[in-house]
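Q: Let's have the full structure, built from the sequences with the hints guiding it.
FYI, the numbering used here numbers position 12 of the sequence shown as 13, with every residue one higher than the one before it.
No lab work stands behind these hints, which were simulated from the structure alone. Any given hint could be a false lead.
Here are the computed lysine-lysine pairs in the DSBU-like style, where the Cα-Cα straight-line distance is at most 30 Å [as the list claims (entries may be wrong)]:
id: 1; residue 1: Lys195; residue 2: Lys174
id: 2; residue 1: Lys129; residue 2: Lys140
id: 3; residue 1: Lys81; residue 2: Lys187
id: 4; residue 1: Lys174; residue 2: Lys293
The calculated label-pair distances, taken between Cβ atoms and stated as ranges, are [claimed, not checked]:
id: 5; residue 1: Ile249; residue 2: Arg296; range: 19 to 25 Å
id: 6; residue 1: Met253; residue 2: Ser21; range: 26 to 32 Å
id: 7; residue 1: Arg296; residue 2: Cys190; range: 53 to 59 Å
id: 8; residue 1: His55; residue 2: Lys195; range: 52 to 58 Å
id: 9; residue 1: Lys97; residue 2: Ile151; range: 21 to 27 Å
The structure displayed is predicted, hence computed values, not measured ones. Where is the CB? At the ideal position from N, CA and C, for every residue including glycine.
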Amino acid sequence: MDGVNDSVVSEIVLIGLSNSWEMHLFLFWFFFVFYMGIILGNLFVVFTVIIDSHLHSPMYFLLANLSILDLGLSSTTVPKMISDLFTDCNIISFPKCMTQIFFIHVMGGGEMVLLIAMAYDRYTAICKPLHYLTIMSPKMCVSFVVASWIVGIIHAISQFAFVINLPFCGPNKVDSFYCDLPRVMKLACIDTYKLEFVIITNSGFISMATFFSLIISYIFILVTVWKRSSGDLSKAFVTLSAHITVVILFFMPCMFLYVWPFSTTALDKYLFIVVFAITPVLNPAIYTLRNKDMRVAMRRLGKRIVGSGGIS
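A: As structure tokens, then:
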């Protein structure tokens, strides 16, 4: 790696969240419980969608893939955060730091595309119900998933190409619990002001444009339903409120970090706890507890498990 960018920095020191032992203990249990919830909750969604034939529809296919991305996004940072809480010097090698940055943007970029796909799915289901199965065909759903991975990879490479070629020859301490792009770029031995605006354009404006496009699309759907149902929005609002909640939780921290020039305030690392730990564990809860079909599928799955256990 050093030969690629003439860097003399072989490792990055992550300062983390706190130096207090009591806070470390609290954070350990916080991240451990949330990560277990992320693993179990998202795998449960994927498993339920695969097993239950009643959920073999476009919406749940996209939801299962969103759970996979959520699990992947959390796994790039949270296990390292947990292990670092009980070490005096939190060190990550330079190659692993670059790898973490890469996969964060792969998963993040892919999740943006999937959220757009899920919004389009809801628009088609509510506004064009007679053509829903034709428009949201299995081929279209698979295309959305493939596109999410391709866009995520392209997005990550476009970010990564700038960082990997920067000269890192001095400071190696990052005031964060993971390798994030703005803070790592600050360690470079050259002025990265122009590169910061490239990143802002790539991540910040794309995040902001996607966020407002999704919100506008949901408003359009609600207005369409309101006109067709003489003002009764209750059913559509219940359906869309889960999607809107997920969009807000995912995009607000992204926009805060990437839309403005890289000031790297202390608030950044705390906001991204929402992205890496809180949102991925809330997504399964939001989409299952507020969704009648998922609740019914969970009960069917529970009865099947209990029944098979009783027979054995």
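Q: State for each hint whether it applies.
A: Tested hints:
Proximity of lysine 195 to lysine 174 is assessed by CA-CA distance (about 22 Å); at most 30 Å being required, the pair is judged to hold. A threshold of 30 Å between alpha carbons decides the hint, and for lysine 129 with lysine 140 the separation of about 18 Å falls inside it, so the pair holds. Restraint check: the Cα-Cα separation between lysine 81 and lysine 187 comes to about 22 Å, which is no more than 30 Å; the hinted pair holds. For the suggested pair lysine 174 and lysine 293, the alpha carbons sit about 48 Å apart, so the restraint of at most 30 Å is broken.
Separation of isoleucine 249 from arginine 296 is about 23 Å and conforms to the stated range, judged on CB atoms against 19 to 25 Å. Checked against the hint of 26 to 32 Å, the pair methionine 253 and serine 21 passes, with Cβ atoms roughly 28 Å apart. Checked against the given bound of 53 to 59 Å, the beta carbons of arginine 296 and cysteine 190, roughly 56 Å apart, stay inside it. The beta-carbon spacing between histidine 55 and lysine 195, approximately 53 Å, falls within the hinted interval of 52 to 58 Å.
With their beta carbons about 25 Å apart, lysine 97 and isoleucine 151 fall inside the hinted range of 21 to 27 Å.
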